[in-house]
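S.K.: Here the protein sequences come in this chain order: A and G. Here my numbering = 1-based position in the first sequence + 3. Here my numbering = 1-based position in the second sequence + 11.
Please note that the accuracy of each hint is not assured.
[Unchecked claim] Covered stretches of chain G, as calculated for chain A (at least 3 residues, CB under 8 angstroms):
(1) 93-99
(2) 173-185
(3) 211-222
[Said to hold, decoys possible] Below, computed lysine to aspartate or glutamate pairings styled on EDC-like, alpha-carbon distance capped at 16 angstroms:
(4) K65/A to E253/G
(5) K104/G to D121/G
(6) K202/A to D187/A
(7) K158/G to D121/G
(8) K65/A to D86/A
(9) K147/G to E135/G
(10) K65/A to D262/G
(11) K158/G to D213/G
(12) K217/G to D223/A
Since the hints were derived computationally from the structure, they do not count as laboratory data. All C-beta atoms in this analysis are idealised placements derived from N, C-alpha and C, irrespective of residue type, glycine included.
Listed here are the chains, written in short residue letters.
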Amino acid sequence: MQPIIRVRGLAKQFVLHTQDEAHIPVFSGLDLDVRAGECVALAGPSGAGKSTLLRSLYGNYKPDAGAILICTDAGCVDVAAADPRTIIELRRTTLGYVSQFLRVIPRVPAIDIVAEPLTALGRPAGPARERAAELLTRLRIPERLWRLAPATFSGGEQQRVNIARGFAAAYPVLLLDEPTASLDPDNRDTVVALILEAKARGAAIAGILHDEGARDRVADRVFSLTPAVAPEPCPAC
Amino acid sequence: MSAAARALPVPDAGPLLCARGLTKSFGAQPALEGVSFDLWPGEVLGVVGESGSGKTTLLNILATHLAPDAGRVSYDWPERGLVDVHALAEAEKRRLLRSHWGFVHQNPRDGLRMNVSAGANVGEKLMALGLRHYGKLRARAEEWLGKVEIGPERLDDLPATYSGGMQQRLQIARNLVTEPRLVFMDEPTGGLDVSVQARLLDLLRKLVAELGLAVVIVTHDLAVARLLADRLMVMRCGRVVESGLTDQVLDDPHHPYTQLLVSSILQA
């Protein structure tokens with residue numbers, strides 16, 4: 004079977020025009036395949052480009068060269084070259100992203116934030132809310148909070164609302180940015196179970212999983228990134 | 012990371028609005044230089060940049076309030092195809108503005124008639140489209156006030172008795188009651204208290220998704236842009252310096268000016 008995620012020759016550097024035109028190379032010539040039902044853990048020291056790669060896969064960062072093909076029954080899309088409309092559609096139907104940080108939308112209740120990816124896929128509000136309720140329950144968000152907007156929730160509660168949202172729809176691709184960071188053991192087990200369920204239904208998963216216990220339980224292999232060697236500026240002295 | 016996950020309607024339809032090479036000077040002062048873009052049905056395009064960058068001039072040209080010195084704005088008029096909006100006869104232009112488009116001004120006083128009741132402000136646009144039955148007009152007005160969270164007991168009050176936030180919501184109801192396909196918004200949350208802004212933003216976000224509206228929204232507030240816009244154009248000195256998916260432009264800005272804009276936001 005063909006991989007769902009195919010990264011070829013990907014290169015990215017940041018050029019900070021407002022900070023003395025600093026060039027920060029992240030990676031180049033990067034190749035990565037992730038197949039259906041496979042979970043690849045992105046590893047490497049801080050600054051190696053794990054988040055940059057993950058964000059590039061989601062179309063959030065724009066690589067300088069290379070291709071990111073996301074291939075499903077509907078065909079292949081090159082995220083690195085697609086126009087905004089195509090990326091938005093791809094995110095609606097195909098790409099799920101679970102990060103640690105919830106971007107709170109004013110006044111929207113937690114349960115609707117979690118159900119929204121499903122209603123966006125045309126699922127009726129009733130079943131979408133049921134799935135949302137199931138996830139919120141599994142992630143131990145007390146039912147009395149479901150109807151409230153998460154702006155006032157604790158950091159951990161917001162993180163779990165965001166995880167629930169990320170797992171609500173059965174996306175063919177899941178991108179995980181440290182979903183188990185700072186969770187208590189019970190909730191970490193729930194997230195591990197959710198990842199295993201996603202694998203079992205055939206999702207291709209790439210994730211930053213610092214927690215080794217969780218990584219060992221879900222990852223099929225590790226993809227190591229090494230920090231790009233930046234030319235050291237000569238000391239001024 | 013992204014704005015609301017939602018479906019863009021009619022994926023295979025053509026663009027709703029095409030702008031090509033829009034250029035405008037005021038005297039010797041260039042205000043807009045060669046701006047081009049396509050807007051698709053159901054798409055929300057944010058235009059950001061500082062005062063004087065040409066955002067409002069662009070909006071006024073798109074909405075036919077101003078004629079460009081060069082360039083062309085084409086609109087996909089149902090059953091007629093793309094029409095050059097600046098070449099339309101005045102009566103047709105009025106029809107376009109009345110029934111196909113809406114325009115939400117920064118100052119609600121510019122978009123409302125202050126000397127007639129809230130209900131009349133909403134009903135008037137329907138009457139212009141030929142609806143005459145008083146009971147039906149009143150019912151529709153009440154329904155739309157409800158959608159923008161204004162209670163029916165305020166239907167007969169003058170807009171001047173409303174707070175700024177309510178006036179802005181009333182202006183939105185007045186614009187949307189005719190179910191336009193495209194709405195232009197000029198800093199719709201500018202000048203409002205933060206709590207009032209949040210409510211208005213949430214309301215706009217919901218209505219845009221429900222109605223499948225295409226929107227061109229001018230704002231200098233990047234948080235507003237992130238929440239509402241699918242796509243951003245960053246303007247500076249009358250030119251588009253960067254454009255793309257909203258979260259990509261804000262999280263991985265490439266142009267020096269965009270980097271400056273993004274890095275200048277104060278973290279609350």
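S.K.: Tell me the hint numbers this structure goes against, listed in increasing order.
M.R.: 1, 2, 5, 6, 7 and 12
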